[in-house]
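Here's the letter readout for the chains.
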Amino acid sequence: DVKVTQSSRYLVKRTGEKVFLECVQDMDHENMFWYRQDPGLGLRLIYFSYDVKMKEKGDIPEGYSVSREKKERFSLILESASTNQTSMYLCASSSNDRARGELFFGEGSRLTVL
Amino acid sequence: AQTVTQSQPEMSVQEAETVTLSCTYDTSESDYYLFWYKQPPSRQMILVIRQEAYKQQNATENRFSVNFQKAAKSFSLKISDSQLGDAAMYFCAYISNFGNEKLTFGTGTRLTIIP
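Protein sequences, first through last, are from chains R and Z.
The first sequence begins at 1 in our numbering and counts up one residue at a time.
The second sequence begins at 1001 in our numbering and counts up one residue at a time.
Here chain R stands alone, though its shape is the one from the complex (with noise of 0.2 angstroms):
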């Protein structure tokens, strides 16, 4: 089975913090992905990379980066976390050898920021 891991299931930093969230995937994929899930509005993309070292921005890249050294690992970086990037943080990966649009999901991490 694709097994998608998160570091931190939880996490609570103060405001100015520097976050890393780290993703690996087992199974060789070759997209990775990372989404912000709040209430109300449903999964929106943050970053999403293709390859290793390659990355592009999504449909909310500010305040946040990534890093893709590895084929297996995305990180998400928040440079100085704000009240406002609280929320529950997916990391998804995707094959070109299966279906189109088939994610393999993550737990999920819920960060707080005081």
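Be aware that a few hints might be false.
As the list claims (entries may be wrong) - With a straight-line cut-off of 20 angstroms between C-alpha atoms, the simulated EDC-like cross-links for lysine to aspartate or glutamate are: (1) R:Lys57 / Z:Glu1101; (2) Z:Lys1055 / R:Glu102; (3) R:Lys53 / R:Glu79; (4) R:Lys70 / R:Glu22; (5) R:Lys53 / R:Asp28; (6) Z:Lys1073 / Z:Glu1029; (7) R:Lys55 / Z:Glu1101; (8) R:Lys13 / R:Glu62; (9) R:Lys18 / R:Glu62.
Because the hints were derived from the structure by calculation, they are not lab data.
Please arrange chain Z on chain R, whose structure you already have, making use of the hints.
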């Protein structure tokens, strides 16, 4: 830009009954895919069912089936014989078959199963 609309923030159904979740979408393209994803409480989101736009036949996966109305841009999910394990957030999603398009999700419907 493509949009996906789920007009029912919450739904409930008696165990063993049937429930239908609604989804509409807006696109100018003719070749695309539609999905229903399920997110159980505190668990990973998983793919429930997938529909290819060029296929007229509605997709079915066990107790889950869709009613795909391409002209109306409607894509509803029917869950038959509802079970307690069906309680979850359900997200409708769209992706074009062209270029490097990404999934566009609806806002979700929270389904409660009443024992």
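Against the structure, the hints:
no., hint, result
1, R:Lys57 / Z:Glu1101, "12 angstroms, holds"
2, Z:Lys1055 / R:Glu102, "17 angstroms, holds"
3, R:Lys53 / R:Glu79, "19 angstroms, holds"
4, R:Lys70 / R:Glu22, "12 angstroms, holds"
5, R:Lys53 / R:Asp28, "15 angstroms, holds"
6, Z:Lys1073 / Z:Glu1029, "11 angstroms, holds"
7, R:Lys55 / Z:Glu1101, "14 angstroms, holds"
8, R:Lys13 / R:Glu62, "19 angstroms, holds"
9, R:Lys18 / R:Glu62, "15 angstroms, holds"
Going down the numbered hints, you'll see the structure goes against none, and every one checks out.
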